[in-house]
Amino acid sequence: MTMRPPLTNLPILLEDVSFVVRDVTILDRIDLMLTPGAPTVVIGPNGAGKTTLLRLAMGLIRPTSGRVTWGGRTDAPADRRAIVFQRPVMLRRSAEANLRYALAAADVPSTEHESRVRELLALVGLASLGGRPARKLSGGEQQRLALARALAKDPQVLFLDEPTASLDPAATQSVEDLIRDVAARGIKVVMSTHDLGEARRLAGDVVLMHRGRIVETNNATAFFSNPKTSEASRFVTGQLLV
Amino acid sequence: MPTRRLFIVMAAAASLLASSAAFSQEKSIVVASTTSTQDSGLFGHILPLFKKKTGIDVRVVSQGTGQALDTGRRGDADVVFVHAKRQEEKFVADGFGVRRYPVMYNDFILIGPKSNSAGINGTKDIVAALKIVKSNGAPFISRGDKSGTHAAELRLWNAAGIDITKDRGAWYKEIGQGMGAALNTASASNAYVLADRGTWLSFKNRGELVIAVEGDNRLFNQYGVMLVNPEKHKHVKKELGQAFVDWLISAEGQKAIADYKIDGQQLFFPNANAPGA
Amino acid sequence: MPENVSALQLVLAGDPALYAIVRLSLIVSLSAVLLAALVGLPFGAWLALSRFRGREGAIVILNALMGLPPVVVGLLVFLLLSRSGPLGSWGILFTPQAMIVAQTILIAPIIAALARQTIEDLWLEYRDELQAMNVGTLGSVVTLLWDGRFSLLTALLAGFGRAAAEVGAVIIVGGNIDGFTRTMTTAIALETSKGDLPLAIGLGMILIVIVVLVNAAAWGTRRFGERMAG
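Chains as they are written, first to last, in the numbering used here: chain P, 1 to 242; chain R, 1 to 277; chain V, 1 to 230.
In case anyone wonders, no lab produced these hints; they're calculated from the structure. Just so you know, not all the hints are guaranteed correct.
Calculated lysine to aspartate or glutamate pairs in the DMTMM-like style (CA-CA distance at most 25 Å, straight line) [unchecked claim]:
#1 R:51 <-> V:15
#2 P:136 <-> V:125
#3 P:136 <-> V:226
#4 R:134 <-> R:214
#5 R:261 <-> V:15
Over 10 Å on every C-beta distance to chain R, these chain V residues come out as not near it, computed from the model [to be verified]:
#6 124
#7 211
#8 214
Just so we're clear, the structure is a prediction, and the values are computed from it rather than from any experiment. Heads up, the beta-carbon is just placed ideally off N, CA and C, and yes, glycines get one too.
Using the sequences provided together with the hints, build the complete structure.
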């Protein structure tokens with residue numbers, strides 16, 4: 001492992017954050033604190049603003065108003081935050097080469113690349129597929145490779161945007177197992193999903209979003225057993241939230 | 001990885017340029033000459049002989065006479081070999097050439113359609129023939145490119161008392177191109193055209209064209225050669241250039257010129273020693 | 001070349017003068033492609049990624065430069081390289097190097113403009129991932145060029161096709177010197193002017209065959225590469 005400055009990205013604090021694109025309000029005055037611990041799962045229907053929330057918390061985009069801080073700083077470098085997009089894009093090279101690229105981008109010395117690549121491939125169960133062109137892998141395999149690539153940064157916090165949205169049950173299970181592994185290593189996972197079951201299986205905390213606002217935030221047990229808002233109780237009981 | 005390959009590519013590019021640069025290390029001169037000497041094949045005959053004797057590679061850039069003199073004036077050639085005596089004398093007088101040497105002559109001929117549309121085929125008087133071409137409005141192709149042949153054509157119209165810049169009609173077309181292109185155009189449109197005999201003899205796409213008028217003294221076409229003045233342009237290869245000039249006017253060079261024949265016909269007549277040529 | 005023979009006979013007989021012409025054509029045009037790529041690919045990639053006032057205008061101008069008339073480029077390079085011009089001391093007018101310079105200027109905009117389009121499409125696809133990995137602009141350009149290399153072959157081919165086919169620029173700056181700066185196209189122009197239309201057409205067919213072969217090789221490379229790299 002390389003020596004890195006002990007930067008801490010947590011807690012991530014969103015204060016009165018709005019995000020507006022051409023007069024359309026995507027996020028409306030969000031307040032949220034993300035702290036170390038079990039995975040935070042952001043749920044809500046499509047278009048609720050989940051993806052935008054993750055991108056803001058990752059630091060890929062800046063809020064129109066309000067502020068985002070990482071460990072108290074607005075300018076914390078993103079080198080220990082990682083994200084897996086809903087549809088990860090693999091570079092046009094082998095699975096191993098994709099990981100080497102990510103390691104190089106994270107300034108990991110090239111002498112460590114081979115061992116890290118093996119380790120990451122083994123972690124996501126792709127040890128035998130390292131030489132294959134990444135874009136020829138199946139959807140589930142690409143999703144796991146994307147996770148490995150994100151982990152190449154050795155992140156403190158990992159954002160996952162709908163990590164299982166387009167996967168079949170078997171692939172979903174392997175990705176969910178992986179997420180539990182990652183969380184167990186002490187990495188803070190912040191993920192979005194519109195799948196209630198997945199939220200129940202993985203969440204430590206739940207954030208319910210609807211129409212650009214945070215409707216309810218609570219720990220998972222309380223959220224599912226005793227929703228405070230009508231939206232949350234409808235969502236939990238499987239009614240449509242439109 | 002990408003960066004390493006980039007270096008390989010750059011090294012390859014550099015070595016390519018260097019290798020093509022190696023071409024120019026040989027003993028060589030650039031001669032600006034006319035399309036007629038090139039297109040007639042004369043250079044193809046005499047340059048290998050010169051190279052064999054001296055080892056000098058002669059690189060011929062063939063242009064119209066006016067353009068060839070310009071090339072010499074800018075210093076882009078070591079030797080100028082053209083056919084427009086008055087312009088050549090001015091070139092030397094202006095200090096761009098060291099000295100003009102007469103080399104050889106060929107003659108111009110009026111080419112026209114076999115059908116003899118103007119009724120001049122087989123006559124000898126070029127001035128009378130041009131008058132008839134004009135009065136009949138028979139189609140005529142002019143080089144219009146300020147070449148030696150173009151200059152000769154304008155002189156002949158002048159001798160016929162016709163101011164061709166004013167006195168022209170749809171029958172008279174300037175194409176602004178070389179001898180070959182003018183012959184191709186005339187061949188395609190059954191027009192009259194003034195040509196040098198050398199290009200005509202080696203020209204293959206004749207179609208219905210034949211020689212209409214030949215043998216008039218006024219169709220005489222003198223070639224001269226000049227070394228570009230090294231005092232104007234320091235980089236001129238004066239020894240090599242002068243060697244070429246000297247060879248052209250030597251007995252050996254003159255014989256080589258006389259020996260060049262197409263279908264048994266001699267194209268150029270050496271006259272380096274003729275007074276006043 | 002010997003007189004009164006067809007181009008096919010020259011090919012079959014392995015005529016050294018003909019091969020010298022073909023070789024020079026390939027050296028000049030491929031060198032121009034290489035040099036134009038060294039300039040055009042990074043510039044096209046930079047233009048694809050950059051955002052500045054007047055960018056749209058720059059793209060329009062770059063696209064328009066794809067249609068640069070070879071004669072104009074030839075004349076421009078001629079005036080630059082003439083002994084009486086600003087770069088006259090190089091002494092490369094009427095040499096293959098001058099022809100490479102002219103063709104490089106002619107096709108660099110073609111390669112840059114086509115690369116810009118290719119890279120911009122790829123950038124839209126990769127941008128989020130590269131940003132998430134903290135890859136800077138320079139690193140992104142290198143990655144996009146590398147990952148787009150098989151698509152960029154098309155841009156290089158367009159440049160090569162243009163260079164191999166043009167006559168206007170090389171005849172002005174090369175001078176069509178027999179055995180030194182005579183290329184396929186200037187030889188065709190010369191044979192046409194000599195009225196030897198069958199030989200001119202024969203040379204033209206050889207040129208077409210060569211361009212087709214180069215394209216086929218590039219196409220095969222692209223197919224192979226796509227299969228290997230995904």
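Does the structure keep residue 136 of chain P and residue 226 of chain V at a Cα separation of 25 Å or less?
This hinted pair holds, its Cα atoms lying about 11 Å apart.
Was residue 124 of chain V rightly flagged as not at the interface, with every chain R Cβ beyond 10 Å?
Holds: least Cβ distance 21 Å, greater than 10 Å.
Taking only the CA atoms, is the gap from residue 134 of chain R to residue 214 of chain R under or equal to 25 Å?
18 Å, holds
10 Å Cβ clearance of residue 214 of chain V from chain R
16 Å, holds
Restraint status (C-alpha distance of residue 51 of chain R to residue 15 of chain V at most 25 Å):
Satisfied, since the Cα-Cα distance of roughly 20 Å is no more than 25 Å.
Pairwise hint evaluation, residue 15 of chain V against residue 261 of chain R, where the allowed Cα distance is 25 Å at most
Between residue 261 of chain R and residue 15 of chain V the Cα gap is close to 23 Å, so the pair holds against 25 Å.
Would you mind confirming whether the straight-line C-alpha gap from residue 136 of chain P to residue 125 of chain V stays at or under 25 Å?
16 Å, holds
Could you let me know if the closest chain R CB is still more than 10 Å away from the CB of residue 211 of chain V?
20 Å, holds
Checked against the numbered hints above, the structure breaks none of them.
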